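Chains as they are written, first to last, in the working numbering: chain Y, 1 to 456; chain Z, 1 to 456.
Please note: incorrect hints may appear among the correct ones.
No copy labels: a pair is met if it fits in one copy or bridges any two.
Stated by the list, open to error - List time: in silico BS3-like cross-link candidates among lysine-lysine, alpha-carbon distance up to 25 Å:
id, residue 1, residue 2
1, LYS76, LYS93
2, LYS227, LYS211
3, LYS388, LYS30
4, LYS34, LYS21
5, LYS436, LYS227
6, LYS255, LYS211
7, LYS388, LYS252
8, LYS9, LYS76
9, LYS404, LYS436
10, LYS214, LYS227
Honestly, the hints are just simulated from the structure, not real lab data.
Remember, predicted model here, so these are calculated numbers, not experimental data.
2 protein chains.
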Amino acid sequence: MAQKPTIPKGTRDFNAEEVAKRSYIVETIKRQFKLFGFQPIETPSFENSDTLMGKYGDEGDRLIFKILNSGAYLNKVDDADYQSKSETLITPKISEKALRYDLTVPFARYVVQHQNDIEFPFKRYQIQPVWRADRPQKGRFREFYQCDADVVGSTSLFQEVEFIQLYDAVFTELQLKGVTIKINNRKILSGIAEVIGAQDKLIDFTVALDKLDKIGEAKVKEEMRSKAISEEGISKLQPLFDLKGDFGSQIKTLKSILSSSAIGIKGIEELEFINEMISNLGLKTAHLELSVTLARGLNYYTGAIFEVAAPDGVDMGSIGGGGRYDDLTGIFGLTNVSGVGISFGLDRIYLVLEALGLFPEAITESTKVLFINFGETEASACLSAITKLRQHGVVAELYPDSAKMKKQMTYANRRNIPYVVLVGEKELQAKQFTLKTMSTGEQLTLNFDALLAALI
Amino acid sequence: MAQKPTIPKGTRDFNAEEVAKRSYIVETIKRQFKLFGFQPIETPSFENSDTLMGKYGDEGDRLIFKILNSGAYLNKVDDADYQSKSETLITPKISEKALRYDLTVPFARYVVQHQNDIEFPFKRYQIQPVWRADRPQKGRFREFYQCDADVVGSTSLFQEVEFIQLYDAVFTELQLKGVTIKINNRKILSGIAEVIGAQDKLIDFTVALDKLDKIGEAKVKEEMRSKAISEEGISKLQPLFDLKGDFGSQIKTLKSILSSSAIGIKGIEELEFINEMISNLGLKTAHLELSVTLARGLNYYTGAIFEVAAPDGVDMGSIGGGGRYDDLTGIFGLTNVSGVGISFGLDRIYLVLEALGLFPEAITESTKVLFINFGETEASACLSAITKLRQHGVVAELYPDSAKMKKQMTYANRRNIPYVVLVGEKELQAKQFTLKTMSTGEQLTLNFDALLAALI
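When you get a sec, could you build the whole thing from the sequences and use the hints?
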């Protein structure tokens, strides 16, 4: 029976070129993770539902892919629940496992489960796919990779410093020069909220402030008023609207605004420490920028907040982000474990490298030489030569059938194979190989050693 | 709320050492796949249910993990079906996606879907996890990796020859010497069935024959009789019971048994061709063995059948297998595409390498040097040195907190970090580094260049 095959929306097939390009990015990230002393772990694709549910808010719960129990799964649904025909009641009875939604919660679960085998501080990296039942959009998928590095078990700010270095190292190695690493601190935002008397409106005012670049000062103030932030509070924010300049001068302004807030002052100290260290160490190609409006992950970040923007002129959202969370593992019963981590956005980095032509050509090269098949005897001799070439690291193939010459040459052309070797009766007797360079048409007749030398 | 975290049965967490060892195997396989001209593809973790269902038999359908639809999924179940409370009726309504069960069906779907972008013969490899709701057992998991290489679009037997070389190359590179590559041919089995007049009992007699080593000739014959295979047929099998010796002499016996069967003779010719080629080319460390009782995958294999056994003395099932199938893509409407492929059993290869102590020590080395933290000023200087070491490829870490010396040394010990560097006030002033070798306790005070030279 013929079916027209498709794949589920929001998922992707990757061909050889795409796999090679993705793997170039992933291997670069991995190499730097390792250089910085991070150790790899892997967790199962699905977790018990109660490990994941309730950890990402209601919206998150909705977007988690649930796996149907096996066998006579409806037996676990009692009659009353069944008659209700309510997904809320029935889902937990017929589904006990779910696909991982991110790498952070499985990591927290891992740390708690294996706490006796782990040396703290624990620096781990994890590069695996995650799944979300999100509405698919351009650049948003239902299956995508996350590339995370985290340290848990220490509150040292040296880790924030190292994560900035890590971003710099990865993007420099990818030749993606001039990324901006934006940094903020949750404590700064809490301090501002305190100063303007809006501790309970942290989210409201940060959401409004975040729009400053887009809608301008007047409209931001309007939005704040609409959220019942007082005129007095808004006027105290005035220096924030005028906040400009380098890290140092922004810090100066913040100090004047936050002088009365203990938590605000703590946030400033942390930012100053990080900035001083980075200034001393220097960055290779990235810029560190203080961004007081940066407010991602306010539900869990308690200290530093990071976000990385592509170089100027590339229209792309953030290509990385992260921050410090003071109680990652508390949800699983292990308290007082502070952590800090960052993530690389593989799909967006891919798009940026593609747009800027930064993928090295060599990564998509595959087969270097195709041996044309003139029949069993000739092909058999070719396979001997191919075997030896492979032992020297040359990617070589035999066209499997003695098809028409034209068909075999077309195959080599379409696959972008740069060389073909022809071994006909004449070459066979003389133990020679005719090497043809596809781009120029040039042909040379060589013995095996010369062939190897030409291809290696 | 504290929860005791666990993972679903049949799944696994992998720690750094396990990830490194698995990745050593996978990277070795990948390198050889590439050398042989195979190109990587990746497919989504879940497929539309109708892509997978019905492709693996009833048992397979049962073992496929189904994903619950999102949102108000019960709306799609009409009242009659709902009142039946029958999983058979309800499952297809509430689940439209399923986790991939193997890599072969998704590959077939990929080939058909992308047939216009593919050059045939198409040599692809794919290394991704698959999921089966099997009862977990020792060495059998619900999530595990498959490592497959296949060629589709050619019937050339040179491909069978190359797959044997590929097995040999991979296991040789893994230092797993002396594996046995067993080969059989479905056509031989069909020929035998024809000769003994039991064409319709192919499975019955191969299942019985397969037990020869375990239960002996008399009991095998008994089982055949119980399956209504005639005395005359069984007597024709007599030479098979006595089948011994090398490839050549087994072929001779088969020729006498199968002289009246066209398909049997075809199978013999194929085996002879492959054996001749391999004899000419030579194998590095593996042995090729004709095994007439080998009968895996009879539902789909139409030509060669492969299975790889670990070296003598290692009690492990097959560590690889494969074969030729004449109509892989027919299920998706693209007919006449012959394919042949092999698979490597990652988990079992891991167990074999572990049992034989064949993992190179270097693969599990991680951090080479830990810088002890004596406080902010010293640590800051250390971080400069660490940054430079990393730029030279040395995996270096700073202990993030200025904890007690003993705690930091214990950390280095437990993590098996071979060197620590101490930079106290004295070293700081002299711009020097005290390098301690953990195994010997030896200490040297060095400038940076000498430190780098010692660690690189």
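Hints versus structure:
Both within a single protomer and between protomers do LYS76 and LYS93 lie at most 25 Å apart by alpha-carbon distance, with minima of 6 Å and 19 Å respectively. For a Cα distance limit of 25 Å, the shortest separation of LYS227 from LYS211 inside one copy, 15 Å, qualifies, whereas the shortest one across copies, 79 Å, does not. In this assembly of identical chains, the alpha carbons of LYS388 and LYS30 lie at most 25 Å apart only when taken from different copies (19 Å versus 32 Å within one copy). In this assembly of identical chains, LYS34 and LYS21 lie within 25 Å of each other by CA distance both inside one copy and across copies; the values are 20 Å within and 15 Å between.
Taking CA atoms no more than 25 Å apart as the test, LYS436 paired with LYS227 passes in neither setting, with 74 Å inside one copy and 60 Å between copies. Taking the closest pair of Cα atoms, LYS255 and LYS211 come within 25 Å of each other only inside a single copy of the chain (23 Å); across copies the shortest separation is 83 Å, beyond that limit. In this assembly of identical chains, LYS388 and LYS252 lie within 25 Å of each other by CA distance neither inside one copy nor across copies; the values are 68 Å within and 32 Å between. Within a single copy, LYS9 and LYS76 get their C-alpha atoms only as close as 31 Å, which misses the 25 Å cut-off; across copies the closest is 19 Å, which meets it.
When the C-alpha separation of LYS404 and LYS436 is checked against a cutoff of 25 Å, the pair qualifies only within one copy, where the shortest distance is 17 Å, while the shortest distance between copies is 68 Å. Taking identical chains as interchangeable, the C-alpha atoms of LYS214 and LYS227 lie at most 25 Å apart only when both belong to the same chain, with a minimum of 19 Å there against 80 Å between chains.
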